[in-house]
Amino acid sequence: MLQTQELQVNIGPQHPSTHGVFRMLVTVDGETVVDLKPVFGYLHRNHEQIAEANSYLQNMPYTDRLDYFNSMANNHAYAMAVERLAGIEVPERAEYIRVLMVELTRILNHASAVGFMINDMGAWQTPLAFGMREREKILDLFEMASGARLMCNYFRFGGVVRDLPPEFIPNLRELLRALPAYIDELERLLRDNEILLQRAIGIGILPPEVALSYGVSGPVLRGSGIPYDVRKAEPYSVYDRFDFDVPVGKVGDVYDRFLVRIEEMRQSKRIIEQVLEQLPDAKGGHINPKARQNVRPPVGDAYARIESPKGELGFYLVSDGSTRPYRYKVRAPSFINLTPLADMCRGYKVADIVVILGSIDIVMGEVDR
Amino acid sequence: MYDMLAALINGALGWGWPEWALNLLSYILIVTIVLVVAPLQMLFFTYYERRVIARMQDRVGPNRVGPEGIWQPIADGVKMFTKEDIVPQAADRIVHFLAPCVVVAPTVLMFAVVPWGPGMVPVDLPTGLLFFFAISSISAVGLMMAGWASNNKFSLLGAMRAVAQMVSYEIPAVLSLIAIVMIVGSLSINEIIAYQTGLIISNRDLPGIPDLGLGWFVFTPVGFVAFIAFFIAALAEGERTPFDIPEADSEIVAGYMTEYSGMKFGLFYLAQYVLNFLLCAITAIIFFGGWQGPGVGWLYAQGITPDNPNGNGLFNVLAGVLGVFYFLLKTYIFFFVMVWLRGAFPRLRIDQLMDFGWKFLIPLTLANLFSAALWVAFTRWGPAEGMLITVGWSPVLRWLAAFVVTLAINLGVYLWLTRVYAASQAERRRAELEELSAAA
Amino acid sequence: MTASPFEIEIPRGRVIEVQRDDTRVRRGGGLLRGMAVVWKHWKESFKLNRSYSQIHGTFTIEYPEERPRIPEAYRNMPILLYDDETGHELCTSCFQCERICPPQVIHMTQAKDPATGKPVPAVAEFIIEYDACMSCGFCAEVCPFDAIKMDHEFELSTDDHTQLTVHKEQLLRPISYYAKIAPTMWAEVRESALKKLQGNIRRRPDVIGLAPQLTEKIAARRAELAAQAAQAAAAAPVAPAAAPAPAEGRKLTPEEKAAKLAAIRAAKAAQAGESATPAEAAPATPSPTPAGEAAPPADKAAKLAAIRAANAAKKAAAGEAPATPPAAPDASAAETTPSAAPPSDKAARLAAIRAANAAKKAAAGEAPATPPATPAGGTAADAPADAPPAAPPSDKAARLAAIRAANAAKKQQSGDGS
Amino acid sequence: MEVVVQVVFGLIALFILVAAAMVVSVRNVIHSALWLIACFFGVGALYLLLQAEFLAVVQVLVYVGAVSVLILFAIMLTRQISGEGVRQLTSRWPVVLVVTVLLFATVMAPTLINQQWNVPPAPPLGTPEPIAGPAELGRGFVNEFLIQFQVVGVLLTVALIGAIVIAFEERARRRRVLTLAEELELKRLRERATQTETPEPVEAEPVARETRPASEG
Amino acid sequence: MLNAVPLPAVLTLAAALFCIGLFGALSRRNLIGVLMGVELMLNAVNINLVAFWRYFEPRYITGQTFAIFIIAVAAAEAAVGLAMVIAVYRHYVTVNADEVDQLRG
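Top to bottom, those sequences are chains Z, D, U, G and S.
Note that the numbering used here has the first sequence beginning at 1, numbered continuously upward.
Note that the numbering used here has the second sequence beginning at 1001, numbered continuously upward.
Note that the numbering used here has the third sequence beginning at 2001, numbered continuously upward.
Note that the numbering used here has the fourth sequence beginning at 3001, numbered continuously upward.
Note that the numbering used here has the fifth sequence beginning at 4001, numbered continuously upward.
Please note that the accuracy of each hint is not assured.
[Unchecked claim] Below, simulated SDA-like cross-link-like pairs (lysine to any residue); rule was C-alpha separation at most 25 Å, straight line:
1. U:K2112 x U:A2229
2. U:K2195 x U:P2212
3. U:K2043 x Z:A178
4. G:K3187 x Z:R23
5. U:K2047 x U:E2066
6. D:K1153 x G:R3139
7. U:K2040 x D:W1340
8. Z:K349 x Z:H47
9. U:K2196 x U:E2065
10. Z:K290 x U:V2142
11. U:K2118 x U:C2133
12. Z:K290 x U:S2192
13. G:K3187 x Z:V230
14. D:K1153 x D:P1088
15. U:K2040 x Z:A181
[To be verified] Label pairs and their calculated CB-CB ranges:
16. S:H4091 x G:R3092: 44 to 52 Å
17. Z:D184 x D:E1068: 54 to 62 Å
18. U:R2203 x Z:E234: 33 to 41 Å
19. U:E2066 x Z:D320: 47 to 55 Å
20. D:G1066 x U:E2066: 55 to 63 Å
[Claimed, not checked] Calculated Cβ distances over 10 Å to all of chain D for the following chain G residues:
21. F3054
22. L3061
23. A3135
Bear in mind the hints are in silico, worked out from the structure with no lab data behind them.
Heads up, the beta-carbon is just placed ideally off N, CA and C, and yes, glycines get one too.
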């Protein structure tokens, strides 16, 4: 007897808060979301097919463009995959530099992810501006080392393209001095903010069993209370040498994801400090001199995964013995974390959709590939 | 204005103009001033807001057009004017055209009762405060027209949100003002300002306090709670963060303004910023004494007033300048607070906003109303009104008693309400779930 | 929270649960704390912040006035290098960069010896499509001769898309330019690069492999070759040895003489200035060279520009800083004049180039910190692009040089003035 | 001065009547509501002309600010947005027209014929006239009309509650879209309930289907 | 005002407004339209009250008081009426009075 009126609303593809060209076909009943259908592919660039037509090295700059916030992490995963495929050794100093870069990436990603999420909640740019400011500083460091801010293209098979410039470490130490104050300030600005609490607590709950069944990873999974971190589960690179904690959430809502990100920034800072302590001083050890960049790996396949700031990022490569990958597949964390969006949004209000989407922290470059 | 013109034209110049001509002239002058001042305030506010919020975000803000970017709003205005005016195909053209006018007109009308300085009020209505809010509620109709005429889901949704918000927050706003009106005993804005003489304590409440123009209502518990409640409601009425839901760009694009472009869009902005100015001004007037401040009262007493027709006109001018200075200073400080809030907070969800308004703000203002009644009873009533406790108390004691009692009531209600409100938020979902599980 | 479905062994560190208390009654303290943070930022924002260890203060870099710090490793767009001393390009057209380029935007053709038709280790034409370049820097990495490097110039915006297909003339930069923007990176490869270059020069006949900008060097090289040829010839008629350019042994017109004179004066004036650093100012970025057909008026205008440039340079050297001379507008006016000069007017060009070099030196000596190239590029871009593109490259280069001279002088002036 | 007042009154009267006529004749319901607002404004202006300032302000506050917004809301909630082309009048409207015109005639006939209203003579122009203002009204409400005032207050409260009760959907009948967490919670609650009843745990039904209670007809 | 406009003019206006409202209330199919007609009628009554107050006893408040009571009643009526409209709409999916003809639903 009740004729509730369901209304279909398209949020996106051109919408201020869909983080790129992303469309959500939302069925609403009043303001309540009944169903949500994510529609993506607007940014599809045929990444995997292009990669199969390129040589192994040529793909390196293309991986920058996957998740353009964390090009260093993408480089790392891809380089690891090719190294496994071709059996290339990585010198120790290079490993430390890689970890350093990826952890810096994590800080910058989480800072801006928190900023973007709060922006979706309606804050007028301030948390985003604060996040972006720290990001800029880290990008300055990236520029010093790799020559570019976003599309770093810094990693090579067997190491990194060039050693850290002499001004890098002092500047990094300066930055590390500022980081705790910065994170504390961000937390003070937002953590107890009653409005944020109202918008975040109990919103977009992703129960752990559902999270596992969808295969989400990264802060979204840890926010749901599952202490899964590739750095701990399968320590790659030199991560087994560092002492750091894995923060997990209690409920699995937006607020937990926010807190987990804040805490992960602290842990990343800890890792960076340990890297600086342990960084081998071997001059010129930034790349394995025997490693050929124009690799021609033997026939076989390899999968390498890292804990990218967004989650578990994996590259699967099949070689047919030529200079080009026969098959190239990306396990993109943004894409897989996006799949439970419909379940996470159902039953909440329309205004919560953007917040939940912001808390997943997607980059359309990686979702659509 | 009329007095001044009469003194100038018929007195100083001796032209002997008829009364109606002077009347007409003074009205035209006032209207012109209001019509010029309103857009100027809007222009200044956009610039002010952008610079302040940029500073809060460690940026610089617009600083290229003119010295320190002061001409930026002019440039924006020129841009607005030169943009194409697009009317959607499916829109209701007439209503679409009328909506911005209906939104802007009341904001200009509201200037009619705003006093800028001593004796500088365009129209001193005996029901000035009520007029202010009656007129402000008209713009809700304009928003509705805009949302409906655009024939766009986002517009309609935005308009309905905006109107629901405005209508619901009008209640706490008016209720919190009624507390003040009860204390003053008048709806006239001039009367309310006149009440706030004194130093921290109004010398109407406690005679004998020296008049420094600082006996503002905000220093009393009743006034303070009313001020907080009113300012929150004003944020909602002016669609400011954290209540800027009608134009929440992350949810519904630009709300009711989605289908507007060019100068019509500019008119909505004009209306919004002028409304913000007026709300800040009313806050300053009701709770912070308006043009009251050290020196104004004394200066004005020396000038030509109805009580003192033989005063010196120079003092009128001095008092006016000082009064306008105080008034604008307070207004701009309140706008700074608005910008500050915008810089610091995310926005509430629409149902949370309604919850907050109806379940927190309105009970709080109702309790404050009760406090206001007690305040009046303690400070002014005697045995004739049935107030037998205070018989024989000195004024200081009465004032102290009023202060303590109202403070206790307001604080207690605040603490209790926050607890109840939080509990109700947490329990609702839980209760519904249990009901569902029982039903199964 | 249910127990986690699987256990993960964590050898070091531990799992920490985030701290949250949903049941706490909140009364607005968090809002006030947030406001306090924002207030602090507002209060502190009146001072500048350029430090990594500070979290308060205004961070904005007001761009055109204040330039961002560009680290040495910064890579924007690829450029080609040539040697200042010999004028030879470092590129040998080995096709490594063309092969590695991920978006395939590098195109080149190998130079051939006109006499034998055999390939020469030099490049005839080199094109990079800047609009599709992804700035990955692979070309610079793989180049075995260190001929291709990444530029620091980032103001490439233009309203003409076709200008972003960049040819060799616009890609070439002297080594000294690169050594200035990336001193340590150049120092690492300098030895081997120059050694390889010497080897390559030996295998390059005639003027192949010379940077086309350096027309004087080409001319000198041609003269040298001609002289060799003349000596080698058994028949030795009384050669008109006075003519320096044997290809077109014409007598100098009075105007050409005047131009030469101007050039000499310019050179002297520049030497008189305290041009301590030998580094040359950068040439313009691949700027649109509006090619008019050469004509006597243009020729004259070029000379005029050269003379003015010389004067300006002299003045600058003397330390005066008067108002900017009108050289730049004139130069661009010369550009706009549709004209046709015979390509043989070498003397005029020579004069222009000398003036240019002199002025540039003066500029570099006096204000080495000023980022070069921008004004030159800007002025050249002012010229309308509708001029017919038919002029030979050397002619273009001459005019470009004249403009650059004028601009360098102008910049010098403004640099002193500010 | 009198002429001015007459002209102003004429204009206001014309405005009110035209707006009212539009309210009942326009096809689009929204337009009709907007004309209603215009009509309310006209009446407010008439109050001002009759020197009932407080009443004029209240008219604007209540009618324009509240009632008309309520009407607009109701129209939009019932989604009769575009009334174009839909017949808006009942089939018996000519009869109604005749009836109302007759009513008007019967009311007006004595008024126009017999002008003996015993109106007290107006005081000469310019003399201040004691007119009851808001202060007197307020005093009246707490003295003379206290009972009525209380009754109106009760009426308003009752209306408020009544409106909510009428428009409120019962929670059980309202379709409730459950969130994922609530589904799981519900499942757990039901499991617990079944466990207490029967010793052996019963396999819970698939949650996603279960939690959207089918709306019954 | 008192000299310029005779009382019958105001009363005529009120009567006309009342009749227009009556026509709307009786002839509109749309329930909201009917409500709007009723509002017009209430306004007409108010005009009468205020006019009599002004012309007969401006120093007493009775007329204004009753006008205010009527405004309050009108507001209550509008609130309840519109709530009913919404309830009816939910029930019958129409707001046309002549289609709402079932006693049980």
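Right, here's what the structure says about each hint:
no. : hint                          : in the structure
1   : U:K2112 x U:A2229             : holds (21 Å)
2   : U:K2195 x U:P2212             : holds (22 Å)
3   : U:K2043 x Z:A178              : holds (19 Å)
4   : G:K3187 x Z:R23               : violated (32 Å)
5   : U:K2047 x U:E2066             : holds (16 Å)
6   : D:K1153 x G:R3139             : violated (48 Å)
7   : U:K2040 x D:W1340             : holds (11 Å)
8   : Z:K349 x Z:H47                : violated (35 Å)
9   : U:K2196 x U:E2065             : violated (41 Å)
10  : Z:K290 x U:V2142              : holds (16 Å)
11  : U:K2118 x U:C2133             : violated (31 Å)
12  : Z:K290 x U:S2192              : holds (20 Å)
13  : G:K3187 x Z:V230              : violated (32 Å)
14  : D:K1153 x D:P1088             : holds (13 Å)
15  : U:K2040 x Z:A181              : holds (13 Å)
16  : S:H4091 x G:R3092: 44 to 52 Å : violated (25 Å)
17  : Z:D184 x D:E1068: 54 to 62 Å  : violated (33 Å)
18  : U:R2203 x Z:E234: 33 to 41 Å  : violated (54 Å)
19  : U:E2066 x Z:D320: 47 to 55 Å  : holds (53 Å)
20  : D:G1066 x U:E2066: 55 to 63 Å : violated (20 Å)
21  : F3054                         : violated (5 Å)
22  : L3061                         : violated (4 Å)
23  : A3135                         : violated (8 Å)
Of the numbered hints stated above, those contradicted by the structure are hints 4, 6, 8, 9, 11, 13, 16, 17, 18, 20, 21, 22, 23, listed in ascending order.
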